[in-house]
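Starting from the known structure of chain D, arrange chain X on it as the hints suggest.
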Amino acid sequence: MKLVAALVGGLIFGLGLAISQMVNPEKVLGFLDFTGSWDPSLAFVLGGALVVSFIAFRLVLKRDTPVFANRFSLPDKTDIDGGLIVGAVLFGIGWGLIGLCPGPAIASLAYGMEESLWFVGALLAGLGVARSIR
Amino acid sequence: MENFTPISALIGGALIGVSASLLLWLNGRIAGISGIAGGLLSPSKGEMGWRALFLIGLVGGVAIYRLAGGELQSIQINGSIPLLLIGGLLVGLGTGIGGGCTSGHGVCGMARLSPRSIVATVVFLGVAAGTVFVTRHVLGWGAMS
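Taken in order, these protein sequences are the chains called D and X. Counting in this note's numbering, the first sequence runs without a single skipped number right up to 134 at its last residue. Counting in this note's numbering, the second sequence runs without a single skipped number right up to 279 at its last residue.
Bound-form chain D, shown alone:
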């Protein structure tokens, strides 16, 4: 059931990225380009996602355990350290260069473009390097 839940969760996430057009880097860059013809759509995507998850997370975390697992796996780090800032800066540069963050990058594979493959390949390599130096 855990596997079915993951697949359904992924499907809904992908649908959300497609309907909101966040899977299109040109749309994302239109948001990041504040001094161009600014497109505020991404803020509405984040807002919509936050309203739902803010309320639902509170209800869910009242439970002792998740439905199909024996515990909640939540991040336990609380300190704002150098890694967090350096990582966010590097991520921001890469995101701004192409307009793809990890979710939309992987989801964009559904459009069968060579560009997605190059980007996702490098993304996985970067994740691998980060794991080896952490």
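Honestly, the hints are just simulated from the structure, not real lab data. Only a predicted model underlies this, so the values are computations on that prediction, with no experimental measurement involved. The beta carbon of each residue, even a glycine, is placed where N, CA and C say it ideally should be. Mixed in with the good hints, there may be bad ones.
Computed footprint of chain D on chain X, listed as stretches where at least three residues anywhere in the stretch have a Cβ under 8 angstroms from a Cβ of chain D [as the list claims (entries may be wrong)]:
hint	region
1	136-147
2	160-174
3	185-192
Cross-link-like lysine-lysine pairs, in silico, BS3-like; alpha carbons within 27 angstroms at most [claimed, not checked]:
hint	chain 1	residue 1	chain 2	residue 2
4	X	K179	D	K2
5	D	K2	D	K77
6	D	K77	X	K179
Residues from chain D shown here face chain X by an in silico Cβ test under 8 angstroms; the list is partial [stated by the list, open to error]:
hint	residue
7	S53
8	A69
9	V89
Quick look at chain X alone, frame taken from chain D:
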């Protein structure tokens, strides 16, 4: 603001929130894509299947949307192969070192009011906007759209 699509943005965003909430409620996991993908790179028992299926679903959701005749039938990814590789590498490195991306920090972390996630989101949004300013308005790569 001629490209502004508030309604589809809100609906799509809400679906992302539903997905993140389902994954937490059913499996007790955070729907952070960089974390889910990164976990596939250091194989451990019982951790591979759900991660792979979530990502397959992610691509499948977009594929279903296209087959069902969704409005967005094509996307535009600009950049030479070297630039795509540099961009991808920076996004992988950055989200790996910083412990999250737009979904993990931006949606799930902010929904939990995690100070780390709020700081990370402000920094990567600001740096990404600065990068776009430099590439489009200083270097003049803006012949893109």
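Taking the hints in turn, this is what the structure says about them:
Residue count for the region 136-147 of chain X with a Cβ under 8 angstroms from a Cβ of chain D: 11. That meets the three needed, and the coverage hint holds. Three residues within the 8 angstroms Cβ limit are the bar, and the region 160-174 of chain X against chain D gives 10, so the coverage statement holds. For the region 185-192 of chain X, the stated coverage by chain D holds: 7 residues have a C-beta nearer than 8 angstroms to a C-beta of that chain, and at least 3 were required. For the suggested pair K179 of chain X and K2 of chain D, the alpha carbons sit about 14 angstroms apart, so the restraint of at most 27 angstroms is met.
Distance check on the hinted pair: K2 of chain D and K77 of chain D sit about 25 angstroms apart at the alpha-carbon level, within 27 angstroms; holds. Our distance criterion of 27 angstroms between C-alpha atoms is met by K77 of chain D and K179 of chain X, whose separation comes to about 24 angstroms. Taking 8 angstroms as the C-beta contact cut-off toward chain X, the hint placing S53 of chain D at the interface holds, the least distance being around 4 angstroms. This hint holds: A69 of chain D has a C-beta 4 angstroms from the nearest C-beta of chain X, less than the 8 angstroms allowed.
The interface hint given for V89 of chain D holds, since its Cβ lies 5 angstroms from the closest Cβ of chain X, which is under the 8 angstroms cut-off.
Going down the numbered hints, you'll see the structure goes against none, and every one checks out.
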